[in-house]
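J.: Below are the chains, spelled out letter by letter.
Protein chains: 2
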Amino acid sequence: MLSARQETILEIIQHNSPITGQHIASRLHVTRAALRSDLAILTMLGLVDARPKVGYFFTGRQAREFPLNAMAEMTVASCLSQPVVVGTDTSAYDAVIALFTEDAGTVFVGDNNILAGVVSRKDLLKTAMGGNDLRTLPVRMVMTPVSKIIYITAAEKVLAAAQRLLAYEIDCLPVVQRIHDEADTDKKELKIIGRISKTNITRIFAECVSGRRI
Amino acid sequence: MLSARQETILEIIQHNSPITGQHIASRLHVTRAALRSDLAILTMLGLVDARPKVGYFFTGRQAREFPLNAMAEMTVASCLSQPVVVGTDTSAYDAVIALFTEDAGTVFVGDNNILAGVVSRKDLLKTAMGGNDLRTLPVRMVMTPVSKIIYITAAEKVLAAAQRLLAYEIDCLPVVQRIHDEADTDKKELKIIGRISKTNITRIFAECVSGRRI
Numbered sequence: 001m002l003s004a005r006q007e008t009i010l011e012i013i014q015h016n017s018p019i020t021g022q023h024i025a026s027r028l029h030v031t032r033a034a035l036r037s038d039l040a041i042l043t044m045l046g047l048v049d050a051r052p053k054v055g056y057f058f059t060g061r062q063a064r065e066f067p068l069n070a071m072a073e074m075t076v077a078s079c080l081s082q083p084v085v086v087g088t089d090t091s092a093y094d095a096v097i098a099l100f101t102e103d104a105g106t107v108f109v110g111d112n113n114i115l116a117g118v119v120s121r122k123d124l125l126k127t128a129m130g131g132n133d134l135r136t137l138p139v140r141m142v143m144t145p146v147s148k149i150i151y152i153t154a155a156e157k158v159l160a161a162a163q164r165l166l167a168y169e170i171d172c173l174p175v176v177q178r179i180h181d182e183a184d185t186d187k188k189e190l191k192i193i194g195r196i197s198k199t200n201i202t203r204i205f206a207e208c209v210s211g212r213r214i
Numbered sequence: 001m002l003s004a005r006q007e008t009i010l011e012i013i014q015h016n017s018p019i020t021g022q023h024i025a026s027r028l029h030v031t032r033a034a035l036r037s038d039l040a041i042l043t044m045l046g047l048v049d050a051r052p053k054v055g056y057f058f059t060g061r062q063a064r065e066f067p068l069n070a071m072a073e074m075t076v077a078s079c080l081s082q083p084v085v086v087g088t089d090t091s092a093y094d095a096v097i098a099l100f101t102e103d104a105g106t107v108f109v110g111d112n113n114i115l116a117g118v119v120s121r122k123d124l125l126k127t128a129m130g131g132n133d134l135r136t137l138p139v140r141m142v143m144t145p146v147s148k149i150i151y152i153t154a155a156e157k158v159l160a161a162a163q164r165l166l167a168y169e170i171d172c173l174p175v176v177q178r179i180h181d182e183a184d185t186d187k188k189e190l191k192i193i194g195r196i197s198k199t200n201i202t203r204i205f206a207e208c209v210s211g212r213r214i
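Here the protein sequences come in this chain order: G and B.
Going by the UniProt record's numbering, the first sequence opens with residue 1, and the numbers climb by one from there.
Going by the UniProt record's numbering, the second sequence opens with residue 1, and the numbers climb by one from there.
In short, the hints are calculated from the structure, not lab data.
Some hints here could point you the wrong way.
Said to hold, decoys possible - Below, computed lysine to any residue pairings styled on SDA-like, alpha-carbon distance capped at 25 Å:
id, chain 1, residue 1, chain 2, residue 2
1, B, Lys157, G, Lys148
2, G, Lys126, B, Pro138
3, B, Lys191, B, Ala70
4, G, Lys126, B, Glu169
5, B, Lys126, G, Ser3
6, G, Lys122, B, Leu134
7, G, Lys122, B, Lys157
8, G, Lys157, B, Ala4
9, B, Lys157, G, Ser3
10, B, Lys126, G, Val54
11, B, Lys126, G, Glu102
12, G, Lys126, B, Ile114
13, B, Lys126, G, Lys157
14, G, Lys148, B, Leu134
15, B, Lys122, G, Asp123
16, G, Lys122, B, Ala25
17, G, Lys148, B, Arg203
18, B, Lys126, G, Ala72
19, G, Lys126, B, Glu156
20, G, Lys122, B, Ala4
21, B, Lys148, G, Leu2
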């Protein structure tokens with residue numbers, strides 16, 4: 001079964017091909033990012049087709065059973081979530097607040113979206129238990145520094161993300177883009193562009209398995 | 001690709017059919033529970049067959065592509081993890097210790113494995129932030145009480161577990177068995193028999209998708 005939103009998107013594409021993701025998003029009053037996983041599902045089910053710089057087409061094809069190899073081909077780009085980022089001067093206390101406000105399990109630390117560290121509920125709970133005053137403690141004293149962070153790029157497969165989350169026993173990976181400094185080629189920075197967590201993988205599992213018959 | 005352990009298990013079954021899960025576990029020096037998901041994968045790939053009270057057989061069949069409808073049929077029983085349970089008289093501090101010791105995201109509260117509550121990293125972090133002394137605070141003051149707990153039974157599908165985790169925005173479900181009190185038929189108790197989390201779902205996703213060709 002397609003979700004109600006997937007049905008609506010399919011209908012919009014059917015009557016307006018070609019149409020850009022941005023136009024579909026404005027019709028539904030949501031952001032482009034919010035549609036990403038629905039569009040990925042519809043494309044992989046063979047119901048719609050996407051052409052770069054043109055938009056989405058209705059294929060007229062019947063839905064076929066969702067193939068497992070389509071799951072294997074899904075990229076991180078198709079299902080990443082918006083990252084929660086706090087600056088390096090933030091207190092551990094304000095990092096907890098950001099975590100609760102966004103209901104995220106993990107907060108990234110960085111200025112201008114350049115990754116400096118990652119801090120999880122577990123790190124913050126451990127720190128709070130240690131009797132520290134979180135209001136005066138900078139988050140950079142608690143975070144895992146960038147040199148030790150496990151990350152992923154948007155072009156990698158969701159399967160690689162799942163395997164990395166399991167291998168390193170973490171809940172969330174920063175999705176990054178490697179940036180090379182032209183003045184100093186040895187210096188590499190990681191720009192934060194999203195996050196992918198066990199929640200995203202659980203959602204893909206549920207959508208692919210339940211959406212297999214339409 | 002099968003994992004090295006799945007290959008080993010397959011070889012053991014091939015040369016010793018029928019063999020019980022318990023016997024396979026002793027040969028590998030692991031617990032029966034540790035083999036559950038590998039055996040489920042091998043069974044669903046059609047490589048082995050299981051008969052109740054007899055054991056596992058080698059089918060001699062060639063592996064076929066892992067079918068998505070086999071994923072849809074997987075039950076919670078085939079992939080649940082051992083629960084982490086603390087007694088109702090435990091302090092919030094000792095609940096945190098149990099959580100870190102077992103590296104779990106959620107701890108169940110109950111006596112004699114009868115579910116009384118659930119407490120998560122998030123609950124404990126919130127409590128620690130509130131300036132409470134966790135050493136003197138009983139965990140039952142922090143937990144979500146059983147009347148409000150979302151749970152699942154072992155016979156339900158993994159898909160239902162994934163959908164429930166997403167719908168209620170939680171990381172982990174207690175897997176329970178409903179127990180009826182013969183003296184008081186209105187009284188229902190939930191016996192804790194395991195847990196299923198987004199980690200389990202992520203593992204199934206990774207195993208099914210990567211294990212599709214052998």
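J.: Kindly indicate which numbered hints from before are broken by the structure, ordering the numbers from low to high.
T.: 1, 3, 5, 7, 10, 12, 13, 14, 16, 18, 19, 20 and 21
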